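Student: Sequence:
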Amino acid sequence: MANQNSLPLYEKYWYKHNYKRVTDSLLLILLLLLLGYRVISFNSYSFPWFVAFLCESWFTFSWFLTLTTQWNPALITTYPDRLLLSVQELPAVDLFVTTADPVLEPPIITVNTVLSLLALDYPSHKLACYVSDDDCSPLTFYALQEASKFAKFWVPFCKKYEVQIRAPLRYFSGKPEFSTNNTTPEFRQEWLQMKDLYDHLSHKIELDELQKSDPCHGDFAVFSDTEKTNHSTIIEVIWENREYLVDGLPHLIYISREKRPKQPHHFKAGAMNVLTRVSGLITNAPFMLNVDCDMIVNNPKIIHHALCILLDPKGEKEVAFAQFPQQFYATLKDDPFGNQMAIFIKYVTAGIAGLQGPFYGGTNCLHRRKVIYGLSPCDMEKGNSISEEELKEKFGVSKEIMKSAARALEGKTYLPNDINISNAVDIASQVASCGYEYGTAWGKQVGWIYGSITEDKLLGLTIHEKGWRSELCTPSPIGFTGFAPGGGPTAMIQQKRWATGLLEIFFCKHSPIIGTLFRKLTLRQCLAYMWIINWGLQPVFEVCYACLIAYCIVTNSNFLPLDMGICIPIAIFIIYKGYTILEYLESDLSIRAWWNNQRMSRIISMNAGFCAFLNILLKLLRISETVFDITKKDLPPTKDVEDDKDVGKYTFDESLIFLPGTTILLLQLTSMIIKLLGLQPLVSTLGGNRCGLGEVFCCVYLIICYWPFLRGLFETKKYRISLSTICISTILTCLFVHICQRIMLV
Numbered sequence: 000m001a002n003q004n005s006l007p008l009y010e011k012y013w014y015k016h017n018y019k020r021v022t023d024s025l026l027l028i029l030l031l032l033l034l035g036y037r038v039i040s041f042n043s044y045s046f047p048w049f050v051a052f053l054c055e056s057w058f059t060f061s062w063f064l065t066l067t068t069q070w071n072p073a074l075i076t077t078y079p080d081r082l083l084l085s086v087q088e089l090p091a092v093d094l095f096v097t098t099a100d101p102v103l104e105p106p107i108i109t110v111n112t113v114l115s116l117l118a119l120d121y122p123s124h125k126l127a128c129y130v131s132d133d134d135c136s137p138l139t140f141y142a143l144q145e146a147s148k149f150a151k152f153w154v155p156f157c158k159k160y161e162v163q164i165r166a167p168l169r170y171f172s173g174k175p176e177f178s179t180n181n182t183t184p185e186f187r188q189e190w191l192q193m194k195d196l197y198d199h200l201s202h203k204i205e206l207d208e209l210q211k212s213d214p215c216h217g218d219f220a221v222f223s224d225t226e227k228t229n230h231s232t233i234i235e236v237i238w239e240n241r242e243y244l245v246d247g248l249p250h251l252i253y254i255s256r257e258k259r260p261k262q263p264h265h266f267k268a269g270a271m272n273v274l275t276r277v278s279g280l281i282t283n284a285p286f287m288l289n290v291d292c293d294m295i296v297n298n299p300k301i302i303h304h305a306l307c308i309l310l311d312p313k314g315e316k317e318v319a320f321a322q323f324p325q326q327f328y329a330t331l332k333d334d335p336f337g338n339q340m341a342i343f344i345k346y347v348t349a350g351i352a353g354l355q356g357p358f359y360g361g362t363n364c365l366h367r368r369k370v371i372y373g374l375s376p377c378d379m380e381k382g383n384s385i386s387e388e389e390l391k392e393k394f395g396v397s398k399e400i401m402k403s404a405a406r407a408l409e410g411k412t413y414l415p416n417d418i419n420i421s422n423a424v425d426i427a428s429q430v431a432s433c434g435y436e437y438g439t440a441w442g443k444q445v446g447w448i449y450g451s452i453t454e455d456k457l458l459g460l461t462i463h464e465k466g467w468r469s470e471l472c473t474p475s476p477i478g479f480t481g482f483a484p485g486g487g488p489t490a491m492i493q494q495k496r497w498a499t500g501l502l503e504i505f506f507c508k509h510s511p512i513i514g515t516l517f518r519k520l521t522l523r524q525c526l527a528y529m530w531i532i533n534w535g536l537q538p539v540f541e542v543c544y545a546c547l548i549a550y551c552i553v554t555n556s557n558f559l560p561l562d563m564g565i566c567i568p569i570a571i572f573i574i575y576k577g578y579t580i581l582e583y584l585e586s587d588l589s590i591r592a593w594w595n596n597q598r599m600s601r602i603i604s605m606n607a608g609f610c611a612f613l614n615i616l617l618k619l620l621r622i623s624e625t626v627f628d629i630t631k632k633d634l635p636p637t638k639d640v641e642d643d644k645d646v647g648k649y650t651f652d653e654s655l656i657f658l659p660g661t662t663i664l665l666l667q668l669t670s671m672i673i674k675l676l677g678l679q680p681l682v683s684t685l686g687g688n689r690c691g692l693g694e695v696f697c698c699v700y701l702i703i704c705y706w707p708f709l710r711g712l713f714e715t716k717k718y719r720i721s722l723s724t725i726c727i728s729t730i731l732t733c734l735f736v737h738i739c740q741r742i743m744l745v
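Per numbering that gives the first Met the number 0, the sequence shown starts with residue 0, numbered consecutively.
Take these hints with a grain of salt, some might be off.
Unchecked claim - Here are the simulated DSSO-like pairs of lysine-lysine, each with C-alpha atoms no more than 30 Å apart in a straight line:
| # | residue 1 | residue 2 |
| --- | --- | --- |
| 1 | 313 | 148 |
| 2 | 15 | 576 |
| 3 | 227 | 194 |
| 4 | 618 | 631 |
| 5 | 508 | 648 |
| 6 | 369 | 300 |
| 7 | 148 | 300 |
| 8 | 519 | 618 |
| 9 | 316 | 631 |
| 10 | 576 | 227 |
| 11 | 411 | 393 |
| 12 | 159 | 227 |
| 13 | 576 | 203 |
| 14 | 158 | 227 |
| 15 | 345 | 519 |
| 16 | 11 | 402 |
| 17 | 465 | 631 |
| 18 | 345 | 402 |
| 19 | 313 | 261 |
| 20 | 300 | 227 |
| 21 | 316 | 402 |
| 22 | 576 | 465 |
| 23 | 227 | 11 |
The hints are simulated quantities; they were obtained by calculation from the structure and are not laboratory data. Remember, it's a predicted structure, so these values are computed and weren't measured experimentally.
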């Protein structure tokens with residue numbers, strides 16, 4: 000037993016992709032050679048040459064960030080069996096689920112996420128599930144009430160038959176699981192009964208939507224006279240494990256924080272801080288697991304795996320949070336929208352895990368409460384005592400929250416007899432009010448940090464800046480699976496929000512550059528953060544490069560070498576495409592999936608990324624503020640969709656987010672028409688040489704990448720680019736060509 004206890008609870012392995020290192024380094028050398036060639040080619044100096052040099056300089060810097068981020072990948076192996084031998088008693092864990100719109104995030108999805116959490120393989124009296132509803136929706140509350148009734152049958156069923164996938168939506172979408180524990184007629188009968196109960200639950204939630212949308216009676220009276228952005232705090236205990244049964248149901252508590260017009264609510268970060276304060280008053284668990292409403296549990300022992308990292312003797316001193324990767328199920332074949340991130344997780348996420356640790360992803364993450372309360376590794380060594388005055392200054396005037404914060408920072412936990420949920424709920428309404436945070440450190444030094452709509456990356460960055468590490472938890476089977484967003488507006492809105500938030504971080508006081516110079520962020524972790532922030536910066540140079548291609552064809556000038564120097568960009572293109580194909584093939588993905596991701600990376604960058612840059616530019620000029628756009632969650636298909644000819648087709652709406660891409664496509668088409676009709680000037684009047692095959696190839700390549708947009712010009716219904724977008728893009732294209740012609744005449 001002693002030897003068992005002395006073993007580490009997790010081990011970290013660094014490994015090498017030697018061929019990848021060589022290829023990445025070769026590409027960096029070629030990019031530097033291309034820049035050197037441009038510098039020494041005095042005879043070729045021209046406006047296009049200079050713009051190309053600026054863009055390629057940024058691409059080289061971007062590739063350097065990619066190389067250093069992926070250089071030392073690492074994997075974690077956890078040992079849950081050792082955990083049970085090493086700790087006398089498992090710690091309590093608070094579970095946070097966030098939802099914000101019952102239309103964009105259907106309650107049945109939230110219900111399945113909650114049910115999968117309630118059925119975790121963990122002592123039920125150690126768990127409490129808090130659901131934050133930022134829409135103040137009676138339908139969401141009703142769905143959770145009905146789900147708690149279903150959970151009384153579902154949770155025992157899952158634990159009795161050791162069901163792995165504990166979200167009924169996914170579990171019942173396939174055939175029954177048959178193993179040594181569930182091959183009996185009794186199981187078959189119970190399986191059918193559970194499926195009937197779940198179908199009844201789904202129908203009740205769907206059919207009662209209109210009836211419950213305007214409640215004024217019973218438990219729903221609290222929703223009378225409430226509006227989405229104007230209502231008091233609502234905290235309702237849907238289920239309480241009064242007897243603290245180990246095999247019972249965990250506490251289930253509904254929270255809708257107070258919102259008032261003209262009062263800042265800080266989007267998801269504000270909701271997470273309210274969850275933190277309310278849970279601190281009620282259960283005050285030392286660990287907090289937060290998930291989005293669409294991330295269901297795929298491995299019922301996820302908490303054991305994460306605690307192996309956080310309770311390990313070394314990890315307890317160094318690791319702030321354990322992050323599970325975001326992975327998806329019910330995905331479309333060949334990833335037509337390029338949003339499944341399989342290669343990203345395998346190479347980039349593993350590479351960052353080999354540095355100071357993975358970024359906080361906003362979901363699927365187990366945090367230490369005391370780290371969220373602002374504790375640093377230095378404070379751990381000095382001791383966690385904090386004066387009452389400092390507690391008040393940081394956590395607010397509530398004596399109860401000050402007391403619970405002091406206990407959390409000192410590592411003390413509540414005993415079951417210490418918890419009185421009914422009394423705590425009354426006090427919790429005060430700390431969930433929209434004015435409670437004024438004059439406190441919430442959102443600044445404590446809790447989720449304000450200042451970016453990607454609150455997850457900002458919080459993770461501030462934690463890393465204090466000297467903490469994080470670890471990537473990758474158990475088998477994987478911890479969570481979610482719903483990948485569809486193509487078109489949904490994916491674009493999500494990518495735009497991410498890029499906008501990352502740029503906000505770059506221009507704020509928590510910039511990773513400042514974190515490395517004046518805090519404890521390591522240099523390579525800084526470069527990793529810069530790599531992801533580059534999502535919002537690189538689109539500017541990609542758009543410039545795309546416009547440069549059209550410019551050179553229209554003006555009959557060149558930006559690519561016409562002598563032997565052309566071998567450098569050709570080599571870069573061939574090597575990069577070749578080795579990315581190998582990455583996909585080694586991961587058992589198809590060449591079609593590779594191409595879909597290649598073209599979507601261009602589409603997403605030059606549309607969502609460029610719009611994000613414009614948003615930040617307007618914010619810096621104090622013209623407008625950024626807006627948090629909720630990503631629409633679609634239920635996965637319940638039937639085979641292979642024969643649906645529209646599956647994987649790109650969709651559009653009237654949003655201006657598609658304007659950059661439509662304009663770029665029209666620019667390339669117009670320049671090719673000018674080339675084919677011989678409307679270029681016979682001799683370049685801009686210095687340099689005539690347009691060559693390189694510019695034509697780049698133009699054709701971009702048109703092929705934008706094939707969904709090209710089809711969108713001629714499709715119908717939701718698959719057609721809106722007429723307003725086409726008209727504006729046409730005007731911009733004509734203006735661009737006119738400017739090019741005027742420049743030629745100068």
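Student: Next, verify each hint and record whether it holds.
Tutor: These are the hints, each one checked on the structure:
1. For the suggested pair residue 313 and residue 148, the alpha carbons sit about 42 Å apart, so the restraint of at most 30 Å is broken.
2. Distance check on the hinted pair: residue 15 and residue 576 sit about 21 Å apart at the alpha-carbon level, within 30 Å; holds.
3. Pair hint residue 227 plus residue 194 does not hold up; C-alpha atoms about 34 Å apart against a cutoff of 30 Å.
4. Distance check on the hinted pair: residue 618 and residue 631 sit about 25 Å apart at the alpha-carbon level, within 30 Å; holds.
5. Proposed proximity of residue 508 and residue 648 is contradicted: the alpha carbons are some 42 Å apart, above 30 Å.
6. At roughly 23 Å between alpha-carbon atoms, residue 369 and residue 300 fall within 30 Å of each other, so this suggested pair holds.
7. Among the hinted pairs, residue 148 with residue 300 is consistent with the structure: their alpha-carbon atoms are about 23 Å apart, no more than 30 Å.
8. Taking the CA atoms of residue 519 and residue 618, the gap is about 29 Å. The hint holds against a cut of 30 Å.
9. Pair hint residue 316 plus residue 631 does not hold up; C-alpha atoms about 39 Å apart against a cutoff of 30 Å.
10. A threshold of 30 Å between alpha carbons decides the hint, and for residue 576 with residue 227 the separation of about 48 Å lies outside it, so the pair is violated.
11. Between residue 411 and residue 393 the CA atoms are separated by roughly 19 Å; this keeps the pair inside 30 Å, and the hint holds.
12. Proximity of residue 159 to residue 227 is assessed by CA-CA distance (about 41 Å); at most 30 Å being required, the pair is judged violated.
13. Annotation: proposed proximity of residue 576 to residue 203 is violated, straight-line Cα distance about 51 Å (limit 30 Å).
14. Proposed proximity of residue 158 and residue 227 is contradicted: the alpha carbons are some 38 Å apart, above 30 Å.
15. With a C-alpha separation of about 27 Å, the suggested pair residue 345 and residue 519 falls inside the 30 Å cut-off, and the hint holds.
16. Among the hinted pairs, residue 11 with residue 402 is inconsistent with the structure: their alpha-carbon atoms are about 37 Å apart, more than 30 Å.
17. About 35 Å separates the Cα atoms of residue 465 and residue 631, which puts this hinted pair outside 30 Å; it is violated.
18. Only pairs whose Cα atoms come within 30 Å are accepted, and residue 345 paired with residue 402 is rejected, the gap being roughly 43 Å.
19. For the hint linking residue 313 to residue 261, the alpha-carbon distance of about 46 Å lies beyond 30 Å, and the restraint is violated.
20. Taking the CA atoms of residue 300 and residue 227, the gap is near 36 Å; set against the 30 Å cutoff, the hint is violated.
21. Taken as a hint, the residue 316 and residue 402 pair is honoured in the structure, with Cα atoms around 24 Å apart against an allowance of 30 Å.
22. A C-alpha spacing of about 39 Å is found between residue 576 and residue 465, which places the hinted pair above 30 Å, so the restraint is violated.
23. Distance hint between residue 227 and residue 11 is unfulfilled; the C-alpha atoms sit about 46 Å from each other, more than 30 Å.
Consistency with the previously given hints fails for numbers 1, 3, 5, 9, 10, 12, 13, 14, 16, 17, 18, 19, 20, 22, 23, ordered from lowest to highest.
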